[in-house]
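The residues making up each chain are set out below.
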Amino acid sequence: MQFILEDIINGILMGSIYGLAALGLTVIFGVLKVINFAHGSLLMVGMYVAYWAVILTGLHPYLALVIVVPVMFLFGYFLQDIVIKPIFKAEKAVREPITVIIVTTGVWYILDNLSLLVFGPQYRNLQDNPLRGKMLEVGGMLLSVPRLWGFFAALLTAFAIYLFFQKTRTGRAIRATSIDREAASLQGINQYKVYNLAVGIGTAAAGIAGVSLVPFYNIFPSVGVLFDIKCFIIVVLGGLGSIAGALLGGMIIGVIEYVGTQFMAATWTEAIVYGLFLVFLFLKPSGLFGVKYEW
Amino acid sequence: MGRNTIRIGPLVLAGVIALGLPLAVRSATYLHILVLLYLYAYLTTSWNLVGGFAGVLPLGHSAFVGIGAYTSTVLSLQYGISPWIGMMIGGILAAIVGVIIGLPTFKMRGAYFALATIAFAEGIRVMVENIDNLGPIRLNGPRGLQIPPLNTGLLNFMFATKEPYYYIILFMLAGVLFLTYAISRSKLGHYLVAGGEEPEAAMALGVNVARAKLIAMAMSSFLTAFAGTFWAQFTLYIHPKSVMSLDISFEIAFIALIGGRGSIAGPVLGALLLRPVTDLSRIYFGGKLPGLHLIIFGVVLVLVMIYQPRGLQEPLTRAYRSVTKKLFGHTEAA
Amino acid sequence: MRILELKGVNKSFGGLKAVEDFNLSIEEGGILGLIGPNGAGKSTIFNCIAGVYPPTAGEIYFKGENITHQRPWDLCRKGLARTFQIVKPFSSRTVLYNVTVGAFATTGKRAEAERRALKVLRLLHMQDVKDVRASTLTIAYLKRLEIARALATQPKLLLLDEVMAGLRPTEVDEMVKIIKELRESGVTIFVIEHIMRAIMALSDRIAVLHFGKKITEGTPKEVASDERVIKAYLGEEYGTA
Chain P
1 MQFILEDIIN
11 GILMGSIYGL
21 AALGLTVIFG
31 VLKVINFAHG
41 SLLMVGMYVA
51 YWAVILTGLH
61 PYLALVIVVP
71 VMFLFGYFLQ
81 DIVIKPIFKA
91 EKAVREPITV
101 IIVTTGVWYI
111 LDNLSLLVFG
121 PQYRNLQDNP
131 LRGKMLEVGG
141 MLLSVPRLWG
151 FFAALLTAFA
161 IYLFFQKTRT
171 GRAIRATSID
181 REAASLQGIN
191 QYKVYNLAVG
201 IGTAAAGIAG
211 VSLVPFYNIF
221 PSVGVLFDIK
231 CFIIVVLGGL
241 GSIAGALLGG
251 MIIGVIEYVG
261 TQFMAATWTE
271 AIVYGLFLVF
281 LFLKPSGLFG
291 VKYEW
Chain Z
1 MGRNTIRIGP
11 LVLAGVIALG
21 LPLAVRSATY
31 LHILVLLYLY
41 AYLTTSWNLV
51 GGFAGVLPLG
61 HSAFVGIGAY
71 TSTVLSLQYG
81 ISPWIGMMIG
91 GILAAIVGVI
101 IGLPTFKMRG
111 AYFALATIAF
121 AEGIRVMVEN
131 IDNLGPIRLN
141 GPRGLQIPPL
151 NTGLLNFMFA
161 TKEPYYYIIL
171 FMLAGVLFLT
181 YAISRSKLGH
191 YLVAGGEEPE
201 AAMALGVNVA
211 RAKLIAMAMS
221 SFLTAFAGTF
231 WAQFTLYIHP
241 KSVMSLDISF
251 EIAFIALIGG
261 RGSIAGPVLG
271 ALLLRPVTDL
281 SRIYFGGKLP
291 GLHLIIFGVV
301 LVLVMIYQPR
311 GLQEPLTRAY
321 RSVTKKLFGH
331 TEAA
Chain U
1 MRILELKGVN
11 KSFGGLKAVE
21 DFNLSIEEGG
31 ILGLIGPNGA
41 GKSTIFNCIA
51 GVYPPTAGEI
61 YFKGENITHQ
71 RPWDLCRKGL
81 ARTFQIVKPF
91 SSRTVLYNVT
101 VGAFATTGKR
111 AEAERRALKV
121 LRLLHMQDVK
131 DVRASTLTIA
141 YLKRLEIARA
151 LATQPKLLLL
161 DEVMAGLRPT
171 EVDEMVKIIK
181 ELRESGVTIF
191 VIEHIMRAIM
201 ALSDRIAVLH
211 FGKKITEGTP
221 KEVASDERVI
231 KAYLGEEYGT
241 A
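Chains as they are written, first to last, in our numbering: chain P, 1 to 295; chain Z, 1 to 334; chain U, 1 to 241.
Hint data in this document are derived by calculation from the structure and do not stem from the laboratory. In this text, all values refer to a predicted model and were calculated from it rather than measured experimentally. Incorrect hints may have been included.
[Said to hold, decoys possible] Computed list of lysine-lysine pairs in DSSO-like fashion (alpha-carbon distance at most 27 Å, straight line):
#: 1; chain 1: P; residue 1: LYS89; chain 2: U; residue 2: LYS88
#: 2; chain 1: U; residue 1: LYS119; chain 2: P; residue 2: LYS33
#: 3; chain 1: U; residue 1: LYS119; chain 2: U; residue 2: LYS156
#: 4; chain 1: U; residue 1: LYS156; chain 2: Z; residue 2: LYS187
#: 5; chain 1: Z; residue 1: LYS187; chain 2: U; residue 2: LYS177
#: 6; chain 1: U; residue 1: LYS88; chain 2: Z; residue 2: LYS187
#: 7; chain 1: Z; residue 1: LYS187; chain 2: U; residue 2: LYS119
#: 8; chain 1: Z; residue 1: LYS187; chain 2: U; residue 2: LYS130
With the sequences and hints as input, model every part of the structure.
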């Protein structure tokens with residue numbers, strides 16, 4: 001019995017990191033109303049940035065946040081500004097441009113393969129980092145320390161983003177645009193700047209997720225692919241645009257994975273996750289906390 | 001020069017060239033590339049029936065390729081049934097699965113539909129990867145199935161050289177192009193276009209949009225499965241990652257999109273432009289610059305979607321028309 | 001005979017009562033107008049009739065048949081067609097293509113559908129623009145295209161939803177003429193309109209809707225002088241919109 005509890009808790013911890021990864025996706029969707037297929041690649045970029053930051057500066061992985069967050073924010077900001085904005089301008093009438101899905105997939109291909117070209121296919125990891133393999137014993141259960149830190153990082157980031165959107169002027173401007181972009185622009189809010197900010201924030205969140213993963217996860221060019229689909233599933237489960245939903249959805253997936261692998265092959269847990277995804281898509285597409293959109 | 005001559009001329013020319021190509025191209029490698037080119041042109045044109053005409057973005061068509069490949073292979077390996085018959089059965093199976101997938105998903109729009117098709121395709125792939133035996137049927141999980149090259153001949157859909165495969169896929173491609181053309185002019189074609197552009201208006205005009213989309217989906221998946229059988233017989237080895245992977249689904253969709261979905265020539269054009277890039281860059285740069293072809297692919301995708309969202313066939317058709325106008329003068333009938 | 005009958009039709013959206021206890025009937029070959037201030041529920045009634053959504057309560061009869069829960073495409077086959085207030089052309093296609101879609105409602109052959117489409121276009125004096133892409137048409141032509149498409153389905157009853165909105169006075173007069181010609185050819189017409197001059201000129205009878213309820217029904221003259229109607233429109237002038 002104790003082992004199941006341990007699996008559940010570790011699943012929650014890992015799942016919260018999934019949720020952190022999906023946080024950016026849900027924010028971007030909530031504001032821009034588009035699904036960013038390149039999100040996994042952004043996570044991958046975050047992981048590489050964190051990795052190189054640690055290797056080159058010798059910083060503690062978590063201190064690398066100081067470098068990763070601004071770099072990722074700017075990366076996302078300009079990605080939106082240069083690559084995705086033109087499409088928004090071209091398809092003004094359409095609220096959910098399919099073209100953006102396609103373009104972000106193109107970005108995914110480019111980023112993943114560029115990093116393959118530049119960094120090579122080898123798996124990298126931070127061998128000597130102070131957190132690797134560290135376990136914490138709590139009541140007879142062994143919990144993974146980096147995942148525990150990741151859990152806290154996820155909660156903190158989610159809370160910070162929530163506060164930003166509720167309390168700051170810029171945050172409220174972003175929310176206004178997400179509700180009605182025309183009304184917001186009539187109020188003097190530059191919708192394209194809002195989009196840039198939202199994507200910047202979402203990408204920075206992915207960067208934080210990357211930093212959380214780097215102490216114990218392998219880093220390689222296609223690592224993003226694993227997370228990409230997982231993030232979509234989480235975001236649909238939790239509700240597109242919902243911060244709490246992303247965390248909760250992530251935890252559900254984490255628990256399924258950790259508990260599931262005790263009873264069946266890893267790939268069957270994959271099938272269960274897909275099945276759950278489809279069930280939600282058909283029965284409750286707005287997810288657990290999401291707003292119902294006119295889909 | 002008559003108007004029809006200008007329209008049909010290049011088609012006839014292309015047809016003649018295609019028929020004669022194997023005589024000029026002797027290298028097996030290049031014939032292989034050509035076969036793949038036609039295969040993808042076939043796949044994208046079949047995809048176009050749903051993705052182009054019906055106006056949705058299905059990103060899980062590899063499932064149908066897999067169904068076709070596995071059905072005909074299992075039937076021929078375990079029960080000695082000719083792959084041609086297996087192809088038909090695979091097509092019917094795929095059509096049924098396609099309708100099952102379509103029923104709940106066509107109600108969704110945009111990204112949700114795309115995600116649902118991905119989930120279905122990946123779910124099917126994961127299941128096939130996990131199952132070694134489904135009752136009496138051997139699927140062999142991730143190891144896949146190998147077809148021993150024993151009995152060659154038309155009846156067994158197996159040949160020692162590449163040429164017969166070349167002509168078969170060329171024939172299939174011509175068939176599917178003709179079918180697309182016929183549908184585009186038919187009631188179903190009009191209904192699909194209407195349902196894709198303005199579903200409410202279409203419904204008010206007597207179009208059962210959901211049913212039209214399902215019919216298109218059934219046709220598309222039926223035809224796509226044929227490609228799976230062809231692939232199995234051509235490469236003699238199938239496994240989930242080779243016939244059912246997400247990469248294939250994406251490549252099909254994106255080639256069609258770059259070429260121009262919704263048009264007849266678009267998907268073929270896309271395949272003509274992009275497949276050589278993929279294959280040639282893999283041959284020449286594969287070792288030194290891995291993944292380069294996908295970078296090029298991604299860049300093309302992004303640029304085309306920003307500047308020519310309707311696909312490259314639009315500017316190319318316009319260019320062709322203005323060139324022929326300059327060369328042969330105005331040919332509009334009175 | 002009564003080609004259309006609405007009995008006790010109610011439509012609520014959540015807590016909002018859009019249409020309340022609406023009764024109406026139209027005689028075959030007539031033109032019935034429906035007017036009312038914005039938000040009165042006119043388009044809601046059209047949508048209920050046309051099968052976009054069913055009424056919350058009540059029944060709708062078309063040619064004697066209960067069609068309350070039937071879907072738009074089936075109703076179209078039975079001879080009930082409608083236009084949309086906000087035009088919905090198939091923008092990427094030509095005018096002829098647009099109308100051909102409608103023509104396919106009663107045939108499976110393209111040649112025949114196209115022939116009928118051309119006939120309809122000539123009826124509406126649109127044959128010169130048949131090869132024009134719908135996305136480039138002016139609003140006047142777009143409104144006419146809506147009618148042409150619906151007409152191509154060979155309806156017995158045609159629901160016209162504000163087809164005059166956005167038209168210039170000369171265009172309005174042309175449209176009135178066209179609609180009258182349609183009635184001559186045997187189509188019953190149910191029209192929602194804001195442009196008073198048009199609806200007064202067209203209709204045999206007019207029903208007035210206010211806050212979802214029918215407040216009166218009668219000949220144009222009766223309705224125009226009805227105090228309740230004037231009150232409901234408070235400030236609305238009889239003339240061009």
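Hints, verified against the model:
1. LYS89/P to LYS88/U: Status holds; Cα separation ~22 Å.
2. LYS119/U to LYS33/P: Violated, because 44 Å separates the two Cα atoms, which is more than 27 Å.
3. LYS119/U to LYS156/U: 17 Å, holds
4. LYS156/U to LYS187/Z: Roughly 22 Å separates the two Cα atoms, so the pair holds.
5. LYS187/Z to LYS177/U: 32 Å, violated
6. LYS88/U to LYS187/Z: Holds - the C-alpha atoms of LYS187/Z and LYS88/U are around 20 Å apart, at most 27 Å.
7. LYS187/Z to LYS119/U: 18 Å, holds
8. LYS187/Z to LYS130/U: 19 Å, holds
Violated hints, in rising order: 2 and 5; the structure is consistent with all others.
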